[in-house]
Structure formats: structure tokens, C-alpha cells
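Can you build the whole structure from these sequences, using the hints too?
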Amino acid sequence: MRLLLFIAVLLAGCASAPPEPEPAPPPAQNKGGYYKDDGPQENPPQNLADVPDAEPKVEPLHRYANRPYQVFGRNYVPLAQVQPFRERGLASWYGKRFHGQPTASGEVYDMYAMTAAHPTLPIPSYVRVKNLASGRSVVVRVNDRGPFHPGRIIDLSYAAAFKLGLLQPGSAQVELEAIVPGGGAPAVYVQVGAFSSRENAESLRARFTRELTWVKENVQLLLTGNLWRLHVGPYRSREDARSIAERIESELNLKPLIVVR
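In case it helps, our numbering puts the sequence shown at residues 4 to 264.
You may find that some hints are simply not true.
Simulated DEER-style distance windows between Cβ atoms [said to hold, decoys possible]:
1) Leu215 <-> Ser240: 19 to 29 Å
2) Pro184 <-> Thr227: 14 to 24 Å
3) Ser253 <-> Gly173: 47 to 57 Å
4) Arg77 <-> Glu254: 25 to 35 Å
5) Arg89 <-> Glu254: 28 to 38 Å
6) Gln104 <-> Ser246: 44 to 54 Å
7) Ala52 <-> Arg89: 21 to 31 Å
8) Lys258 <-> Arg201: 18 to 28 Å
9) Glu202 <-> Pro172: 21 to 31 Å
10) Ala52 <-> Leu230: 32 to 42 Å
11) Pro87 <-> Glu58: 17 to 27 Å
12) His152 <-> Glu62: 26 to 36 Å
Subject to a maximum C-alpha distance of 20 Å in a straight line, what follows is the list of computed EDC-like cross-link-like pairs (lysine to aspartate or glutamate) [stated by the list, open to error]:
13) Lys258 <-> Glu242
14) Lys99 <-> Asp113
15) Lys133 <-> Glu58
16) Lys258 <-> Glu205
17) Lys258 <-> Glu214
None of these hints come from the bench; they were simulated from the model. All of these numbers come straight from a predicted model, not from anything done at the bench. For glycine and all other residues, C-beta sits at the position ideal for the given N, C-alpha and C.
Here it is in C-alpha cells:
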């Protein structure tokens, strides 16, 4: 699926180290607990516990990998920029079946690097992943799309899964937190809606960009707590944001809020 997605894209245009790391992975066997034998290679590295986390840095976003796309009849709209983001759900991992194949970014997948696939986070971007059961956390670089299975929110590389203790169970409940390299001073935004359903938030986002073509700033979709929020901006001042909010209110019959983040 990742290879097909990569082809489609081209055609369209302070993490904590695990206190008690898992034992070194055994050599691959013909049978075992791995999904479709998607486990380690014949001679996996013995120092996976020492593989450093990804180091967040400012990078230009990929020209094609952040465009809206469709998989299995479902539409996905990647975030337009690196921004605050939190999410909880099920993490899984992928290994040798994809090792050496191109990712959605065009980079070759290295199962022993600290990378991950996410359906909508910007490519490339960085995220801290915390295993909620063990408390272990790692930092990975998002350079691929997926997973496309109901209930799963992120696919980790083999190395990242090893450091989080996910190899044997195959999946675990995690918390994701996007890392914004460099941080920066708080900025002013106009919040045009907050929804418990991402589908409803994306519907308003589509309507907003369709009907308010005069808005030049990014329309951002953020997950905070249990709500999906639509923010427009950033603006230099509250006064600038307030004038935009008043015009949005008159044209869409909404009640925008001014927020600082």
C-alpha cells in the first residue's frame, strides 16, 4: 500500500530512553508471531537499544506528499504545516516487508531508523510517541503515510517499535505529540469551529476554503484534547484577527473566537 501511495503521489504532482529495553531481537524464523512474517531480517542489528531518537529540525515540507489523497474510499487531508498536535490511539509497526521500498516522501524505508507513518501529519515532521502502558517514549520522524486500518493512528519503524516495547504484542496504546522545531512566540488565530468529529471539522474546512476565497492565511486543523479545532492565521495582532473574525461571522453566520497559541 505504501508503494502504491508513493506512486500515486508522484503522479498527482527530550524523549526518554527505555529504562529496560527489550532483549535483542532473535533471528527471523519461518513461523512466529509476526504478521505475515513481517519481523526482523536474518541478522538484525544487536544494538537497536542504542539507536538515537530522531533529532527534530526545521525542514521544508514535501511538495507532493502533503496533498489530500484517498485510500480504501476514505479521504485524508494532511495538515498544511507543522503545528501543535496531540492524539491518542493504537500504534502498530512495519518491518522487513517494506524495508528498502520507497515511502510516501520518496525516501527509502529503513526499518532500523527512527521513522514513522501517519495518515495526516506533515511530511516531514517530528513526533514524540509515548507508550501509555510502560511510560517509554521515543522521537520519530514522519516520512510515510499510513496506517490505513481502523483504530490505528501511527505505524512505527521496527527500531522505534523495539525501543517502545511493541514488537511482541504488535501494537499498544500510545500518545502522540507533534514537535515544532524552534518553538516561537505565541501567535494570534481565529477559531471558526470545534468538533468532536473530525469528519465534521473537515467538512467545515472544505466549506470555508470554498466560500471564503479572500482568506489568504492557512486554515489549520488541530486536535486538542477530544476536540478538532479549525484555526485561521496566524495574525500579527488581536485587532487584525478581530476584523477577520467579524467578516467571517457575517458571511458564514458563525461565531469565531480569537485565540492565542
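Quick rundown of the hints versus the structure:
1. Look at leucine 215 against serine 240: about 20 Å separates their beta carbons, and that is inside 19 to 29 Å.
2. Look at proline 184 against threonine 227: about 20 Å separates their beta carbons, and that is inside 14 to 24 Å.
3. Checked against the hint of 47 to 57 Å, the pair serine 253 and glycine 173 passes, with Cβ atoms roughly 52 Å apart.
4. The supplied range of 25 to 35 Å is met by arginine 77 and glutamate 254, whose beta-carbon atoms lie about 30 Å from each other.
5. In this structure the hint that arginine 89 and glutamate 254 lie 28 to 38 Å apart at CB holds, the actual value being about 31 Å.
6. The supplied range of 44 to 54 Å is met by glutamine 104 and serine 246, whose beta-carbon atoms lie about 49 Å from each other.
7. Here the CB-CB span from alanine 52 to arginine 89 is close to 27 Å, well matched to the stated 21 to 31 Å.
8. Take lysine 258 and arginine 201: their Cβ atoms lie about 21 Å apart, and the range 18 to 28 Å holds.
9. A C-beta distance of roughly 30 Å is found between glutamate 202 and proline 172, which places it inside the suggested range of 21 to 31 Å.
10. Range check, alanine 52 to leucine 230: about 37 Å between beta-carbon atoms, so the 32 to 42 Å window is met.
11. Between proline 87 and glutamate 58 the beta carbon distance is about 19 Å. The supplied range of 17 to 27 Å therefore holds.
12. Between histidine 152 and glutamate 62 the beta carbon distance is about 28 Å. The supplied range of 26 to 36 Å therefore holds.
13. Proposed proximity of lysine 258 and glutamate 242 is supported: the alpha carbons are some 16 Å apart, at most 20 Å.
14. Under the criterion of a C-alpha separation no larger than 20 Å, the hint pairing lysine 99 with aspartate 113 is consistent with the structure, at around 9 Å.
15. The hinted pair formed by lysine 133 and glutamate 58 meets the criterion: a straight-line CA distance of about 16 Å does not exceed 20 Å.
16. A hinted pair counts as satisfied when its Cα atoms are at most 20 Å apart, and lysine 258 with glutamate 205 qualifies at roughly 18 Å.
17. Note on lysine 258 and glutamate 214: the hinted pairing holds, with a Cα-Cα distance of about 16 Å set against a maximum of 20 Å.
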